[in-house]
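Engineer: Start from the sequences and build out the full structure, keeping to the hints where you can.
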Amino acid sequence: MITLVDIKKSINDVLKGTGYKVYGNEVKEGFTRPCFFAQLIPISSDILKKDTSENFLMAEIIYFSKDKTDLENLKMYDVLKKSFIPTLQVNNRKFLVRNFRSDTIDDTENDTDNIYSIRFDLNFYDEIIDNTPEAELMQNLSLKL
Numbered sequence: 001m002i003t004l005v006d007i008k009k010s011i012n013d014v015l016k017g018t019g020y021k022v023y024g025n026e027v028k029e030g031f032t033r034p035c036f037f038a039q040l041i042p043i044s045s046d047i048l049k050k051d052t053s054e055n056f057l058m059a060e061i062i063y064f065s066k067d068k069t070d071l072e073n074l075k076m077y078d079v080l081k082k083s084f085i086p087t088l089q090v091n092n093r094k095f096l097v098r099n100f101r102s103d104t105i106d107d108t109e110n111d112t113d114n115i116y117s118i119r120f121d122l123n124f125y126d127e128i129i130d131n132t133p134e135a136e137l138m139q140n141l142s143l144k145l
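One point on numbering: in UniProt numbering, the residue at position 72 of the sequence shown is 72, and numbering is uninterrupted.
It should be emphasised that the hints constitute simulated quantities derived from the structure, not laboratory data. Idealized CB from N, CA, C, for every residue including glycine. Be a bit skeptical, because a hint or two may be false.
[Stated by the list, open to error] If you anchor each label on the Cβ, the simulated ranges turn out as follows:
| # | residue 1 | residue 2 | range |
| --- | --- | --- | --- |
| 1 | Lys-49 | Thr-87 | 23 to 29 angstroms |
| 2 | Leu-137 | Ile-41 | 42 to 48 angstroms |
| 3 | Lys-28 | Tyr-125 | 32 to 38 angstroms |
| 4 | Leu-48 | Thr-69 | 43 to 49 angstroms |
| 5 | Ser-45 | Leu-74 | 31 to 37 angstroms |
| 6 | Glu-54 | Leu-143 | 40 to 46 angstroms |
| 7 | Gly-30 | Glu-134 | 48 to 54 angstroms |
| 8 | Ser-45 | Asp-103 | 24 to 30 angstroms |
| 9 | Thr-132 | Asp-70 | 50 to 56 angstroms |
| 10 | Ser-117 | Lys-94 | 20 to 26 angstroms |
| 11 | Ile-85 | Ser-45 | 21 to 27 angstroms |
Structural biologist: Next up, the structure:
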């Protein structure tokens, strides 16, 4: 069974391959550029069969470039696209990366200008493990007719 922690760890491992620091989302200030923040957003999980679920997730990577330039952002887009597409390795499985896209966040009032957001979707099937305890089997049945 694949967990969200497994997926997040795999994403962070890919990001660490760039040589830049990956911070946890609880860090709000004091980080050093260039760096990444990553989060997973579960979209849905549906039961397909008794023992199988279909899961949809969106991954978002926030990139803080060193000099806050569009050129740095575009270069990082290409680096990450090559690193994540076509698949993300999670444990012994590979998940198809879909809908790879980006956006720039500008909020000059809060000094958060030219932050780059890269998103992609993951869709995967996983095993449902039934943890229901086994019921005791009936021993004798008495019927009065």
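Engineer: Out of the numbered hints, which ones does the structure contradict?
Structural biologist: Every hint satisfied by this model.
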